[in-house]
Amino acid sequence: MYLGIEIGGTKLQVGLGDGAGQLLALWRGTVVPAEGSAGILRQLQGAIPQVLAQMGVAAHQLRAAGIGFGGPTDDASQTVITSHQIAGWDHFPLAAWLRDLLGGVPAVLCNDADVAGLAEATYGTGRGLSPLFYMTIGSGIGGGLILNGTIYRGAGQGAAEIGHVPVNERGEELEAVASGWGLASQARRRLERGEPSLLTEMVQGDWSQVTGRHVTEAAARGDALAQSVLDTALDALAFALDLVIRLLCPRRIVIGGGVSLLGEERLFQPLRQRLQARVFPPFRGLTDIVPAQLGEEVVVHGAIALARQLWESSRA
Numbered sequence: 001m002y003l004g005i006e007i008g009g010t011k012l013q014v015g016l017g018d019g020a021g022q023l024l025a026l027w028r029g030t031v032v033p034a035e036g037s038a039g040i041l042r043q044l045q046g047a048i049p050q051v052l053a054q055m056g057v058a059a060h061q062l063r064a065a066g067i068g069f070g071g072p073t074d075d076a077s078q079t080v081i082t083s084h085q086i087a088g089w090d091h092f093p094l095a096a097w098l099r100d101l102l103g104g105v106p107a108v109l110c111n112d113a114d115v116a117g118l119a120e121a122t123y124g125t126g127r128g129l130s131p132l133f134y135m136t137i138g139s140g141i142g143g144g145l146i147l148n149g150t151i152y153r154g155a156g157q158g159a160a161e162i163g164h165v166p167v168n169e170r171g172e173e174l175e176a177v178a179s180g181w182g183l184a185s186q187a188r189r190r191l192e193r194g195e196p197s198l199l200t201e202m203v204q205g206d207w208s209q210v211t212g213r214h215v216t217e218a219a220a221r222g223d224a225l226a227q228s229v230l231d232t233a234l235d236a237l238a239f240a241l242d243l244v245i246r247l248l249c250p251r252r253i254v255i256g257g258g259v260s261l262l263g264e265e266r267l268f269q270p271l272r273q274r275l276q277a278r279v280f281p282p283f284r285g286l287t288d289i290v291p292a293q294l295g296e297e298v299v300v301h302g303a304i305a306l307a308r309q310l311w312e313s314s315r316a
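Residue numbers (UniProt numbering): 1 to 316.
Treat each hint with caution, since some may be false.
Stated by the list, open to error - With beta-carbon atoms standing in for the labels, derived distance ranges:
{"no.": "1", "residue 1": "280", "residue 2": "228", "range": "26 to 36 Å"}
{"no.": "2", "residue 1": "82", "residue 2": "171", "range": "15 to 25 Å"}
{"no.": "3", "residue 1": "169", "residue 2": "280", "range": "21 to 31 Å"}
{"no.": "4", "residue 1": "35", "residue 2": "273", "range": "40 to 50 Å"}
{"no.": "5", "residue 1": "168", "residue 2": "266", "range": "16 to 26 Å"}
{"no.": "6", "residue 1": "280", "residue 2": "57", "range": "48 to 58 Å"}
{"no.": "7", "residue 1": "22", "residue 2": "277", "range": "35 to 45 Å"}
{"no.": "8", "residue 1": "55", "residue 2": "264", "range": "35 to 45 Å"}
{"no.": "9", "residue 1": "36", "residue 2": "196", "range": "36 to 46 Å"}
{"no.": "10", "residue 1": "128", "residue 2": "45", "range": "37 to 47 Å"}
{"no.": "11", "residue 1": "22", "residue 2": "53", "range": "15 to 25 Å"}
{"no.": "12", "residue 1": "222", "residue 2": "277", "range": "24 to 34 Å"}
Keep in mind the hints are simulated off the structure, nothing from the lab.
For clarity, every value in this text was computed on a predicted model and none was experimentally measured.
Glycine included, every Cβ here is placed at the ideal spot set by N, Cα and C.
Given the sequences, and given the hints that come with them, work out the whole structure.
Structure (structure tokens):
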């Protein structure tokens, strides 16, 4: 048995799996930002015994545990570098903390987007394909590169940070244009310039309440401003993914996260069309773009896969 944990800016999950893709037990919590890292650690101290008890498993029976963390992490020290959303995580030895909580069970830590990519490469729609590039588009934008079933981590503090690629003449990063908060920010900027939109009615005139979901819903209802914001986001995504293909030429690009739920007609088809027009001609047709398969549990699955790799490497 393996334990997998997701620690995000808003979401907290703990799962127990067999290491072959089967999730046997799952606990979900909600992050309370005001409580900082200490609040998350308290929740985990309560949730982990619950998950183990649900399957009648003692901590010492676990082979290993993995964590997918919503922020940059350091491979050598197995510490959190920082969190851009929750206070109190700077240089925290999270893998060691979990190992001690579990009575010495080996534990491993990595960035959540990297871990999600590992999940899709191991159990999901990228199984058997290499290189695989994973991108999550939600409250933020993250990426992960998987080579022959292993996360590529560059010099040891991360890689594949596609959300931080500048995508326009203003120097805005992809995340500021195409993530959930990026869509909302772009829409608010145009509303403040006086452009008409259904969004004003949807938030009863309080533009500060506009979210990415409002933008996608307004676009689905035919709102010109919202559709223009989405088109700009699609252009930015195509620009960034064109760079990925030119530099890496992965076999497959897998896209997950909340914005990916826009679906085939509104996200994947127009994105493929834009990429087809841009891509380096010798690489045309070598990379396909598909939706992620593992849903909201993708990071938990990936953390379990990472834990299994840790256990297997210790026996090699």
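Hints and how they fare:
no.: 1; hint: 280 / 228: 26 to 36 Å; result: holds, 28 Å
no.: 2; hint: 82 / 171: 15 to 25 Å; result: holds, 22 Å
no.: 3; hint: 169 / 280: 21 to 31 Å; result: holds, 22 Å
no.: 4; hint: 35 / 273: 40 to 50 Å; result: holds, 45 Å
no.: 5; hint: 168 / 266: 16 to 26 Å; result: holds, 22 Å
no.: 6; hint: 280 / 57: 48 to 58 Å; result: holds, 50 Å
no.: 7; hint: 22 / 277: 35 to 45 Å; result: holds, 42 Å
no.: 8; hint: 55 / 264: 35 to 45 Å; result: holds, 37 Å
no.: 9; hint: 36 / 196: 36 to 46 Å; result: holds, 41 Å
no.: 10; hint: 128 / 45: 37 to 47 Å; result: holds, 38 Å
no.: 11; hint: 22 / 53: 15 to 25 Å; result: holds, 19 Å
no.: 12; hint: 222 / 277: 24 to 34 Å; result: holds, 25 Å
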